[in-house]
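Engineer: Using the sequences provided together with the hints, build the complete structure.
Number of protein chains: 4
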Amino acid sequence: MQFFTAGESHGKGLIVLINNFPRGVKVNERLIYALLQRRQKLGGRGARSKKEEIKFDILSGVYQGKTTGAPVSIFIPNTIVSLEEIGSITTPRPGHIDLAGALKYLQTNSREFVERASARETAAKTVAGAFAMMLLDEFNISVLGYTKSIGDIELENVPQDFNTLKQNVWNSTYALPDDSKLSQIEKFIGELKDKGDTAGGTVIVMVKNAPPGLGNHTIPEERLDAQLAKNIFAIQAVKGLEIGNASASTRYPGSKVYGNIYLDPKSPFLFKHTQDWMGGIEGGLSTGEDIILKIYIKPVPTLLHPKRSINLETLKESKAHYESSDYCIVPAISVVCEAVTAFVIASAFLERFGKIDIKEIKENYSRYLADFMKCYKKLST
Amino acid sequence: MQFFTAGESHGKGLIVLINNFPRGVKVNERLIYALLQRRQKLGGRGARSKKEEIKFDILSGVYQGKTTGAPVSIFIPNTIVSLEEIGSITTPRPGHIDLAGALKYLQTNSREFVERASARETAAKTVAGAFAMMLLDEFNISVLGYTKSIGDIELENVPQDFNTLKQNVWNSTYALPDDSKLSQIEKFIGELKDKGDTAGGTVIVMVKNAPPGLGNHTIPEERLDAQLAKNIFAIQAVKGLEIGNASASTRYPGSKVYGNIYLDPKSPFLFKHTQDWMGGIEGGLSTGEDIILKIYIKPVPTLLHPKRSINLETLKESKAHYESSDYCIVPAISVVCEAVTAFVIASAFLERFGKIDIKEIKENYSRYLADFMKCYKKLST
Amino acid sequence: MQFFTAGESHGKGLIVLINNFPRGVKVNERLIYALLQRRQKLGGRGARSKKEEIKFDILSGVYQGKTTGAPVSIFIPNTIVSLEEIGSITTPRPGHIDLAGALKYLQTNSREFVERASARETAAKTVAGAFAMMLLDEFNISVLGYTKSIGDIELENVPQDFNTLKQNVWNSTYALPDDSKLSQIEKFIGELKDKGDTAGGTVIVMVKNAPPGLGNHTIPEERLDAQLAKNIFAIQAVKGLEIGNASASTRYPGSKVYGNIYLDPKSPFLFKHTQDWMGGIEGGLSTGEDIILKIYIKPVPTLLHPKRSINLETLKESKAHYESSDYCIVPAISVVCEAVTAFVIASAFLERFGKIDIKEIKENYSRYLADFMKCYKKLST
Amino acid sequence: MQFFTAGESHGKGLIVLINNFPRGVKVNERLIYALLQRRQKLGGRGARSKKEEIKFDILSGVYQGKTTGAPVSIFIPNTIVSLEEIGSITTPRPGHIDLAGALKYLQTNSREFVERASARETAAKTVAGAFAMMLLDEFNISVLGYTKSIGDIELENVPQDFNTLKQNVWNSTYALPDDSKLSQIEKFIGELKDKGDTAGGTVIVMVKNAPPGLGNHTIPEERLDAQLAKNIFAIQAVKGLEIGNASASTRYPGSKVYGNIYLDPKSPFLFKHTQDWMGGIEGGLSTGEDIILKIYIKPVPTLLHPKRSINLETLKESKAHYESSDYCIVPAISVVCEAVTAFVIASAFLERFGKIDIKEIKENYSRYLADFMKCYKKLST
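Residue numbers (the numbering used here), protein chains in the order written: chain A, 399 to 779; chain B, 399 to 779; chain C, 399 to 779; chain D, 399 to 779.
Hints are computed from structural coordinates only; laboratory data are not their basis.
Since the structure is predicted, the reported quantities are computational estimates derived from the model, not experimental observations.
The reader is advised that the hints may include incorrect statements.
Stated by the list, open to error - Derived BS3-like pairs: lysine-lysine, alpha-carbon spacing no greater than 27 Å straight-line:
| # | chain 1 | residue 1 | chain 2 | residue 2 |
| --- | --- | --- | --- | --- |
| 1 | B | K410 | D | K424 |
| 2 | A | K664 | A | K772 |
| 3 | C | K591 | C | K760 |
| 4 | D | K772 | A | K424 |
| 5 | B | K772 | A | K717 |
| 6 | A | K760 | D | K591 |
| 7 | A | K664 | A | K654 |
| 8 | C | K757 | B | K772 |
| 9 | A | K464 | D | K591 |
| 10 | D | K464 | D | K760 |
| 11 | B | K424 | A | K654 |
| 12 | C | K772 | D | K410 |
| 13 | B | K424 | B | K453 |
| 14 | C | K760 | B | K772 |
| 15 | B | K772 | B | K664 |
| 16 | A | K772 | D | K757 |
| 17 | B | K464 | D | K410 |
| 18 | B | K449 | B | K464 |
| 19 | D | K606 | D | K757 |
| 20 | B | K464 | A | K717 |
| 21 | A | K714 | B | K772 |
| 22 | B | K775 | C | K464 |
| 23 | C | K585 | D | K654 |
| 24 | C | K654 | D | K591 |
| 25 | C | K772 | C | K757 |
| 26 | A | K757 | D | K410 |
| 27 | A | K757 | A | K714 |
| 28 | C | K772 | B | K760 |
| 29 | D | K464 | A | K775 |
| 30 | B | K757 | C | K775 |
| 31 | A | K654 | B | K714 |
| 32 | B | K760 | C | K775 |
| 33 | A | K772 | D | K585 |
| 34 | C | K664 | D | K775 |
| 35 | D | K775 | A | K775 |
| 36 | B | K585 | A | K654 |
| 37 | C | K410 | C | K448 |
| 38 | B | K424 | C | K772 |
| 39 | A | K464 | D | K424 |
Structural biologist: See the structure below:
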């Protein structure tokens, strides 16, 4: 399963085309809408996100409400500004594609590069992720992204119970795991707007109930972590990724970093670690425990009080370009990180358990679960 | 350009096969040897690395000392232990592939999964990187990896001058940027050995003199950062990656994170940022400034005093498997990170400047440099 | 450069998404329209092709009339029947996907498989080919497909002059190279309609003025002939392909099959064969002479007087399904073969001469042509 | 599953690397040897094939006699001539890569291009095919290639019984389906040798017992016929391919081309056509009947009495290069076509029925067969 996107930030709209999505999956349009809405309406976004209508049109791959195995393609129209109406960008913004794009193509106007590098493309990724979630739902696998920090405000009180956590996140205007710092964050974002400044932050993505063995350890580039990393860094504002407690694990000796492996008969895959700093991935494969990603999001690089820059037509110093933008996209990007992670996990799941037809995949998975218990059956005695 | 590896840790050896390496590049066997030797002999490694002979045999793709454009394949023999001699692994080590591999295939012996997930495979990656460096050398692009921290000892005094830095790193038994903490590290590693413990750390990889525009912003999965991330996380012990100052950039407002763009006539690509926390990559493209990666390496998970685990044949609690291993592979992995980064950069360079023949690629690049100056020529006036 | 298609025969429409199309190519919408119209209106097609409106909407990748290097996506609406209106297919037609699709997914209704396997998808391929031709036009490379035979009527009088040939083909309602057998073919098709029968035939595709060396001999699967074959056999009704005089070349000794190589100063690439039964491709590379493909098209498998078949719901013998269809798609498929060939040649051209920006590709190609003359310069003396 | 090859005709040897070969398949080294031997020793080959020792060394991917799921790599040494000993090729042979290779790279010596384009590479393809056959054997799927014609001598008496046919082919020095024209062919090849001429011919490949539904109709480039075509045309001397009776099917009306579909309870997949000119593939999917390919092989282009050509260093007319070569490789290439077809069929089989472990794939397949009978169960009543 693979997806491709097309479309400009201010063009007619975005396209997402998903190849090799299995046959027979019931399409949940409400889920697509809900994810697009969360992505667009979460706190920190600018004027456009308030005006843009949330629309999508499934153009192919669905028959009588179910997928057919044929390429699924979806069109997401841009309803506000048109590409021909908006102006050129000749004074590159530090942090955005403006300079690198111009220097690559030896141009002085970065408009067309920006159109593709802008985070508007993440709406297409979100829809691809929605389809992946429909698939994961059939196997009781959940993926959740939430805001871990905005600027220097970190959310420390993360509920242990996944359902509580999920509910909190979906109820929060900033995709927060709990409300303890909501007013602090509202104040912070309010001040950003007043100052015309922007902020980044961190996002956590959790995958719950993924079976062990997802990923391909025999070809390093197909390891689950490598696939996650490629797709997470393909998200427009991402600058860093830790799997599990990567940073902390570098500072402590192996004897402190690694926990024991023990049997937990209540756990779906029996085997657990007393401490899992590896984030649910070992040797490039999922272990059957929670997969945890921590993702670093840079601040929005379009500033109301722009940095100094160079006009590419005159080579004179000038203020960097400004156009209406967001203040903090961390909550919105948490939805995109969730979507992209869901897609990678679903793809790895299909690689392992078949990919033709949902009925068949379910049978394959059931048999794996049964064989799993049979293989490690001595537990029951 | 793409590479594939094969081979087991204790099998006959490793294979690397490089497709679409350009024709006409002079093969530098001394560089291959030097990188393999650094990878193997740097401090922190265990018994095997001392005994394993450093050998490689270029099997194809080279004629009269130059590449032909045909697939380059290299065999790196394992000279010590054979796969049939060593035993099975039935009690999984936390942190290694043992558990996830067994659960994927419903086996009780993890030997064959370990053979491929083990860091021995990085010798093949190192050779692929050596070929990439031969190519980058022709364009004056340098890649350097070094140890930034081991355990909680961080190297803060990094020379600003790249040549000094490179010399220090190549002269250091721990790939350190300077000697200020050498004795502290020697003592630390000595204690690890005494205790039978292991350590992780961080690696920095710098790319010097890469032109702007490497990477593909139009397809997010082909962005330079996405390609780097995929390949860096495909390295066996890597758990995290920051591009530039990713972590810090999440904590400060945009106004502090981004520097100004200014003209520096002495810089090869004219345009610079007064502060570059984006690590030389913006919008998925290189900017022409130094590319900086920070990579998190977990501690070696094979412990002399093993953690508790579960014997997969009996499901009884037991000590995790132990076999001779390394104490700290951070210095060695710095060489691998360097190699893999070189390969990604070289591939992106070929995508941009042609890939058939080194003579032609050089002409293409020269013309780009000339056009670059012409395009932004007002500078000279 | 690569394209992907989506969409059903009776769904909302078709999508084509082209990745890595170079920047800066002027979009010729009239060419797209003209090719779509030829594909649809050429003789032999059924009722639908008369009613279906020819429409397309470029959704992305174009700015101010030129390509941007971003994914080009085009929507081609189906304007007549909707998927939900038309019925199921439970009695498979011999020769169509009906039986194989049902047996793959263990279904009794083949509708959804037919929707994707039907030749309606070739409208998307045609648009991809139109973009490729815009690119080839810039380098004076022409691709032309025409009807070589319909049923047992073969067109032997093919004009030697390419421009005459092209004009004839574009003026002909059956894409014929000359009019000598037009009335015979009209009569034949008329009789087919009367009888409710169908016919296949053969198509020739010629590529004029492609430079030598397109394709990749180092990786057999990337040879030009392998790439052409994959894409030609991906066209719905194709069952055979000869490159050059493949069939004849098997029957004669090498001494008769191969011509001499000689210098022709008037030829764009100097070197020619006195007899070229290899069809312009040797060793997987283009030679600089005309590339000639002969393609075998099966008869339309939907028959007004259907064959016997088995009802998949009852397993009783029954007449095969019938729905409105074409009589002979050879002329229409000649347009698709032309389009697909153009796409493969254009992709191979970009692999060889760069792919970023049309201006740069033109400079690369000019320099190759100049170097070519310099390399073989002794000719002029 | 995918394979890559490396290695030169006169270099150290050939490498084949197979990714994603399933775990747990018993390696049959005798089969590898037998196929390599048939490829090398069948009639029509030249001096080298008599002297070259048949050797291969499995370097990776196998543990205790079974595959591990890790990349399988095999080295096939060249035992006779070394690349550095043999000379340059400055006067291109019509029909070989010599001219196209030189013109691509603007060189005057074609040696290095020839080294990769030469049919020696097919030894690597043969080994990849041997591994595929080990897999297909587990599912009772057979692939057989044989000589259908050499020059203008066609073998018409092809035994209907597959086992008889296979025995005949394996017993024949020319891979003939029966002995009726053996002496005629021996005489013909003898005369070729005497005259220093060469011959081509045709090969038939049959696939027996492949289940319905192999291939991917949703993505035309992944159709089974498109995949077969790409890989068959990637074989060095192939110039044409028909699937089923492609050529004949273009000349007859649909009513004559298509047979009826009927139920045959003795057939493994129940459904059959009374006449199958589509060669076992409809709509890009296998139908469950015999898959039949007809492949056109050009004559060997190296002639003892060479054609006229142009010396690339002097641009003077000259005789084309000659070096020791084969007279007729049709029998040898029949083995390669068989191997490559087996690889494509096995890959498509894994895409459909899972690819992790042979035990699991067998269970998946058994369940498909059982479900197949259940789905079409009314037959039994």
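Engineer: Please work out if K775/B and K464/C have their alpha carbons no farther apart than 27 Å.
Structural biologist: With Cα atoms ~26 Å apart, K775/B and K464/C stay inside 27 Å; holds.
Engineer: When you check the alpha-carbon spacing of K464/B and K410/D, does it fall within 27 Å?
Structural biologist: Cα-Cα ~15 Å, so holds.
Engineer: Does the alpha-carbon distance linking K424/B and K453/B stay inside the 27 Å limit?
Structural biologist: holds (20 Å)
Engineer: Would you check the hint for K714/A and K772/B, treating anything up to 27 Å between C-alpha atoms as holding?
Structural biologist: Measuring from Cα to Cα gives roughly 16 Å; hence the hint holds.
Engineer: Please work out if K772/C and K757/C have their alpha carbons no farther apart than 27 Å.
Structural biologist: holds (23 Å)
Engineer: Check the hint pairing K424/B with K772/C against an upper bound of 27 Å on the C-alpha distance.
Structural biologist: Holds - the C-alpha atoms of K772/C and K424/B are around 24 Å apart, at most 27 Å.
Engineer: Holds or violated: are the alpha carbons of K654/A and K714/B at most 27 Å from each other?
Structural biologist: Holds, at about 23 Å.
Engineer: Next pair to validate is K424/B with K654/A; report whether the Cα-Cα distance is within 27 Å.
Structural biologist: violated (48 Å)
Engineer: Can you confirm whether the C-alpha distance between K464/A and K591/D stays at or below 27 Å?
Structural biologist: At roughly 64 Å apart (the allowed maximum being 27 Å), K591/D and K464/A break the hint.
Engineer: Verify the proposed pairing of K760/A with K591/D, using a straight-line Cα cut of 27 Å.
Structural biologist: violated (62 Å)
Engineer: Within a Cα-Cα threshold of 27 Å, do K464/B and K717/A meet the stated pairing?
Structural biologist: At roughly 50 Å apart (the allowed maximum being 27 Å), K717/A and K464/B break the hint.
Engineer: Verify the proposed pairing of K664/A with K654/A, using a straight-line Cα cut of 27 Å.
Structural biologist: Judged against 27 Å, a Cα distance of about 26 Å means the pair holds.
Violated hints, in rising order: 3, 6, 9, 11, 12, 18, 20, 26, 27, 33, 34, 35, 39; the structure is consistent with all others.
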